[in-house]
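Trainee: According to the UniProt record's numbering, the stretch in the sequence shown is residues 1 to 162, in order.
Don't take each hint at face value.
What the hints assert, rightly or not - Ranges between beta-carbon positions, derived for each pair:
{"no.": "1", "residue 1": "ASN3", "residue 2": "VAL90", "range": "49 to 57 Å"}
{"no.": "2", "residue 1": "GLY141", "residue 2": "ALA121", "range": "31 to 39 Å"}
{"no.": "3", "residue 1": "HIS38", "residue 2": "LEU69", "range": "37 to 45 Å"}
These aren't lab readings, by the way, just hints derived from the structure by calculation. Beta carbons: idealized from backbone N, C-alpha and C, even for Gly.
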Amino acid sequence: MGNDLVLLMECANGIEAAHVRSLLTGEGIEHVVQGEHHSNLLGGTTLPAAILPRVLVHERDAERAKALLEAAPTLAGAEGDPLEGALCPVHEQWARATCGRCGTFLCASCQTLGEPPICEACVDAEKNPPRRGFPALIMLGIPVALLIGVGLLMHYLGVVPD
Numbered sequence: 001m002g003n004d005l006v007l008l009m010e011c012a013n014g015i016e017a018a019h020v021r022s023l024l025t026g027e028g029i030e031h032v033v034q035g036e037h038h039s040n041l042l043g044g045t046t047l048p049a050a051i052l053p054r055v056l057v058h059e060r061d062a063e064r065a066k067a068l069l070e071a072a073p074t075l076a077g078a079e080g081d082p083l084e085g086a087l088c089p090v091h092e093q094w095a096r097a098t099c100g101r102c103g104t105f106l107c108a109s110c111q112t113l114g115e116p117p118i119c120e121a122c123v124d125a126e127k128n129p130p131r132r133g134f135p136a137l138i139m140l141g142i143p144v145a146l147l148i149g150v151g152l153l154m155h156y157l158g159v160v161p162d
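Start from the sequences, fold in the hints, and give me the full structure.
Mentor: Pasting the structure below:
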C-alpha cells in the first residue's frame, strides 16, 4: 500500500518540474515526473504546455513531500522589496528584481528595471545580436575546398584524363 504512486502536484512547465525534482531529490524522496519532456516539446517555456508535467511520489512519502513543497523558499516578495540574500553582480547592492530572461539579480541602480525587468547584458545582446555570416562561410567553404582538392589530386594521380 505504501509503495503505490500518488499525484503530488501538476506543474505549469518543465522548469517548475525541475525545481520540484531537485527539492525531492535533496530530501531523498523517490519520485517520478511524467510528461516532463513532452511538455518541453509541445509548448516548452514560451507557450502554454499541451502536456503538463505531473510529479508522483510513493504514498508513504506524500505528506513529507507536501510539507517540503510548502516550506520551500521563494523569491517572490512585494515589488521593490530587497530579495533576501541576493546581490546585484554589477552594482553589488541588494537585489530588488531578477532579469526576466536570464535570472540575474537586479538592484535599484540598474537602468533596465522595466516590465519585465531585463539585465544590461540581455539588453546589449538584444541590441548587438551575434554575427552569423562567418560560420556559414566556413561551412560552405570547407566542402568546396575539399572538392577542388580531390579533383586536383585525382588529376595529379592520373585517374582523370586531361
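Trainee: If any of the earlier hints don't hold here, list their numbers in rising order.
Mentor: 3
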